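Undergrad: This is what each chain is made of:
Number of protein chains: 2
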Amino acid sequence: MQVGLYWLALLASCIALAVAAGAAALVLAKPKGSGRMVEIYEAIKQGAKAYMNRQYKTLMAFIILLAVIFAVTVDYFTAGRSGSPYFPYTGLSFLVGALFSALAGYLGMSVAVECNVRTANAAKSGLREALSTSFKGGLVMGLCMVGLALLGVTLFYWLWRNPLLFAGFGFGGSLVALFARIGGGIYTKSADVGADLVGKIEAGIPEDDPRNPAVIADAVGDNVGDVAGMAADVFETYAVTLIGAMLLGWPLYTKSNNVAFLEYPLILGAIAIFSTIIGALTVRAKEGGDPTSAILRGIVVTAVLAIIGFSLATWQLFGHLELFYSALIGVVIVVLLAVLTDYYTSYRHSPTRSIAEAAQAGPAINIIRGLANGLESAFLPTLVIALGVIGAYLLAGGLSDAYMGMYGVAIAAMAMLSIAGIIVSVDAYGPIVDNAGGIAEMAGLDPKVREITDTLDAVGNTTKALTKTFAIGSAGLAALSLLLAYMNEVASYKGMADITKLTSELSLASPKVIFGLLLGGGLVFLFASFCMKGVARGAFGIVNEVRRQFKEIPGIMEGKAKPDYAKCVDIVTRTGLRGMALPGALVVLSPIIVGFAFGPYALAGLLIGCIVAGLALALMMAKGGAAWDNAKKFIETGAFGGKRSPAHAAAVVGDTVGDPCKDTAGPAINPMIKAINMISIIFAGLIVALTLIP
Amino acid sequence: MQVGLYWLALLASCIALAVAAGAAALVLAKPKGSGRMVEIYEAIKQGAKAYMNRQYKTLMAFIILLAVIFAVTVDYFTAGRSGSPYFPYTGLSFLVGALFSALAGYLGMSVAVECNVRTANAAKSGLREALSTSFKGGLVMGLCMVGLALLGVTLFYWLWRNPLLFAGFGFGGSLVALFARIGGGIYTKSADVGADLVGKIEAGIPEDDPRNPAVIADAVGDNVGDVAGMAADVFETYAVTLIGAMLLGWPLYTKSNNVAFLEYPLILGAIAIFSTIIGALTVRAKEGGDPTSAILRGIVVTAVLAIIGFSLATWQLFGHLELFYSALIGVVIVVLLAVLTDYYTSYRHSPTRSIAEAAQAGPAINIIRGLANGLESAFLPTLVIALGVIGAYLLAGGLSDAYMGMYGVAIAAMAMLSIAGIIVSVDAYGPIVDNAGGIAEMAGLDPKVREITDTLDAVGNTTKALTKTFAIGSAGLAALSLLLAYMNEVASYKGMADITKLTSELSLASPKVIFGLLLGGGLVFLFASFCMKGVARGAFGIVNEVRRQFKEIPGIMEGKAKPDYAKCVDIVTRTGLRGMALPGALVVLSPIIVGFAFGPYALAGLLIGCIVAGLALALMMAKGGAAWDNAKKFIETGAFGGKRSPAHAAAVVGDTVGDPCKDTAGPAINPMIKAINMISIIFAGLIVALTLIP
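Chains Y and X, in that order, give the protein sequences.
Take the position in the first sequence, starting the count at 1, then add 1428; the result is the number in this note's numbering.
Take the position in the second sequence, starting the count at 1, then add 1428; the result is the number in this note's numbering.
Keep in mind that the hints were calculated from the coordinates and are not lab data.
Remember, predicted model here, so these are calculated numbers, not experimental data.
Errors might be hidden in some of the hints.
Copies of the same chain look alike in the list, so a pair counts if it works inside one copy or between any two.
Within a straight-line C-alpha distance of at most 30 Å, the following computed DSBU-like cross-link-like pairs (lysine-lysine) qualify [claimed, not checked]:
(1) Lys-1628 / Lys-1876
(2) Lys-1979 / Lys-1473
(3) Lys-1929 / Lys-1683
(4) Lys-1988 / Lys-1922
(5) Lys-2061 / Lys-1485
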């Protein structure tokens, strides 16, 4: 019965891509508007493409080098060990994964760029039209990411069967996503922070004002950072979660000879795609209605359909529902995280209001209060995820079979990720309407257009915070299942039938494990510091450049002279690209060095140390940043003196500090903790064979 | 040969206390000055005593309640299990530990208060006299803390022999230190930040200006927060490290019947006390000479003498030097941490200068850059400690005997702590000269007096950063040895002859351990958030109150009307006391809840999760804060526009944000990670017996 069910996944991913293509055609058929709008669109398109091309070109040599290294090390080792003929499995799948991830980012960026201007234009005819255009753009992205990831993994599974052979696909995806998050994140926040600091605060001109020389860099940044980075990130999380679940299904499959353990994650993905397409169809707003409810409806319909489908599929495949309960836990985690995020970041609740209130005593107290809330907001989501791990493990039958327990954790992660399609649609919609508003401002459209995009944008802010917590939570759960997969690989390379044989080496009382744990915690902080530093450097450059242009270009403030936009684009491009080197090297080299020098068990400690510290730090940064942002927005509604009050000025400082936290360092930690786990899985065999400390 | 060598420790601790008393008499014999100086001294003394009394009174009921709980739970359990007659070992030793810790804090505060005014007075006759007075004050404190801790532990050892029976002494010390750090830290930083924000920034009056209504609260805070908090903290670290080492020595003792394993840590403490007294005698500055070299000389002489003594004692006791190498590693860690701290926080080096440079682009970039550097500065110290753990484990012979390895880690921690006496002398000297400067300013003394205290204070800033890293590093290492002791207790209560039998339960692949690890990371963030929130709340209150007084009291700015100092003291007192409740409850309850609900292995995960995240976060906060402070000081030397430039204003915001990081949340994490381990050790038996999940 089970054999061949993965064709369902192949079908679903093709349908996802076809629907995405259809929606893209619908969007592209809409008019771009005219005049200044098109000019700006062209400038953004050109800037975004130029950056993406340079980013990928910069990475290409590195990616090819890594692929060759994998092919001549890991793949030779695998062939030698199994006695099968040599084939560059890891090198090849790594290349394809990197390519797919790059494609995902590129597609995301292109769709967004095309969609921004059309949404601005559609907003001329009202809210309904604007929502429909922007949401379609988001949907294209969501379906593309999920479709590409499912397609890639299913194809490799069809060809090679053994998930360990195509683990490289996941790492390729992770690595490119990592670079996209870092480079794009530094780019977008350098431009954003720099533009705001001089334009809004010093010169007192509005956001997105065309007199600001950094305004084009800022608009480009939104597309290459928030959108392309997020697209590559979701693609890779989906792909590595699938692979992680299959890796943990492998020992169950070899024991039971039941391929369902390998194909079940694929089936979950397929079911969720069908649910997503139906759910997306329900997203329609009436003119004057509340777009929030339309969007939430889409998510709820998708989740409910997916849950029903999961239960049927689980029963069909296994004859019992144990694994379905684990999958259900994954969906429940998403809901709980969403509620917590709303509580900690929306200004309807006290935490964010307290930050706004603190702004009355100046920027320092505003920032201290925001840091305090950020730190606090890391706790409950961590508790939810920790409880989720225990629950998924136990419900899957972990008490009687540790392998089933671990598989349950991976299935919870996969269930969470399976609905990423609809979540991305909603997330991508945010930057699209934001940019549409920017274009409307820059092109000097009727203020009513900006009002409509602002209404949509307010919804976007809520959903953006939701998706960020989704991204971190799913990254944490995915990374944990990768960690378990890594330990399984080590056990298997050690020639142990059972992972429980390894436990004396993986004990918390082992100095190697303690060493790894401590180092892993420190590593995440170091990684985050590189990201923050990149933004500090880039924004500093932009501030100086914008100040210079305001001073040296006569007539610029009167709108008579055109600012030198290209110069600002150039600064952030260089900072973004330069900023990728150190954190990238850190992620690739540290597990390899620790693995070979201190052994596979120290490396296991390092991996979970990264997850523990990374989860807390990423949550703190994402939520703290969002809360600062919304505290400022709360003041802008008239609280504590409203716009232009001292409290507002203080809140702007907090918002600016939060920017690189929530949009650069925080999100970059997600691919980081997965990439570091993936490379460890790939090198596990070699590390076991060649380490200095066994 | 070995029996009775602990008399050496008894002797050393008595000598330490006697020398401290002698030094105290010398300081008290010096004149306090006259007039306004004495008035201010009286006000500070009264405020500090009032706060300390209220703090201890608030805690008393809680401490007694806990002692009773220990006596009727843990002690009954122990008696029932061993079949020996009931005696409230834990309850009693806990009470004594709390009392000693409170005494340490009270003594520290009193010495500082008496010393501040006398140092200000001594500065009238020059640098040499001022250094001698202030350093003597520091020495009194250093010797008292170390003497009290060694005395307490040695007495209990003499009476009861089994370290597990007096583990309560360590927890009592930890708990009071925890509250002192939180309450005192919130007090001092609320007052400091609030006073600076309105006084320095809004009203433009100098620091310590008597027209500022918060100035007395600020001066009181320096004594109850920085000094008393630090004193209680060092006392407890010393005590728990000793107890931790003895707990890990216990299984070695029962195996070999060699009491040296129990007494060796006491001997190390005794040797270091003799070395400290000799080292302190070498601290003398020539008039016009550099006080830094005098102070460093004291530390170096102490360390060298201690190392020589350690090697002789180790050879004498064990006939080989293996454990000496572990001890040596402890001392080497201190040196490396000192070098790293200097690199990351002194403005002679690029990291701090880069923060100052970033201030030119405004407060936001200054803070982003500071956050980035703080995150980065957590990495290398973590690496040093992680390598130290492996080194101490291996050198002690951990490869052939895991118990020797774990004991080696504890010995490294003990060696590190043994020289705490000289480190505290140097640390306490900092706030004393700082306060002396404040008194000179408030009393309107000759500007030359302030110049001398400023010279001494500049040195104090370097040494303060050193000791903070020392405190965090030693706390990390101490907490790790407590964690190992906890796991040993669990193994022993489980009736296992050997800790390695436990390992399948303590494996990183166990969902309980993963649950604990994740939760532990989140817990530290939550704890830090409570501390930061306390400061935000208190500072907010002070800002409003000072603004009100400036507005409502006529003639206050002209110095004609006296501000209402008491009102500000009252605000920070209430905030400080109120701020202790939640974090205190968190530390006491979370290990108990997790232990009983999720079992002793989930709790082990929680403990190390706390250490991993706590170490990184505490390092980040301590160093980030110090770097912001020094970046501001660098600008004040004339860089980037100097005082009153926009860069300076921006740097002041960064400095203010850093204040609660480096002086409240960061230092509070140290006792937190030890207290949470200590209570777990105490409850280990009950948890093993009664947990829901075995």
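Undergrad: When no copy is named, should Lys-1929 and Lys-1683 be tagged within, between, both, or neither for a Cα gap of at most 30 Å?
TA: The answer is both: 17 Å in one copy and 27 Å across copies each meet 30 Å.
Undergrad: Can you give me the call for Lys-2061 and Lys-1485, within, between, both or neither, at a CA distance of at most 30 Å?
TA: Neither way: Lys-2061 and Lys-1485 sit 39 Å apart in one copy and 44 Å across, limit 30 Å.
Undergrad: With 30 Å as the alpha-carbon cut-off, assign the pair Lys-1988 and Lys-1922 to within, between, both or neither.
TA: neither (72 Å within a copy, 82 Å between copies)
Undergrad: Up to 30 Å between alpha-carbons, please classify Lys-1628 paired with Lys-1876: within, between, both or neither.
TA: Only inside one copy: Lys-1628 and Lys-1876 sit 22 Å apart there, 45 Å across copies, limit 30 Å.
Undergrad: Under a CA distance limit of 30 Å, which applies to Lys-1979 and Lys-1473: within one copy, between copies, both, or neither?
TA: Within one copy only: 29 Å inside a chain, 55 Å across chains, cut-off 30 Å.
Comparing the model with each numbered hint stated earlier shows that hints 4, 5 do not hold.
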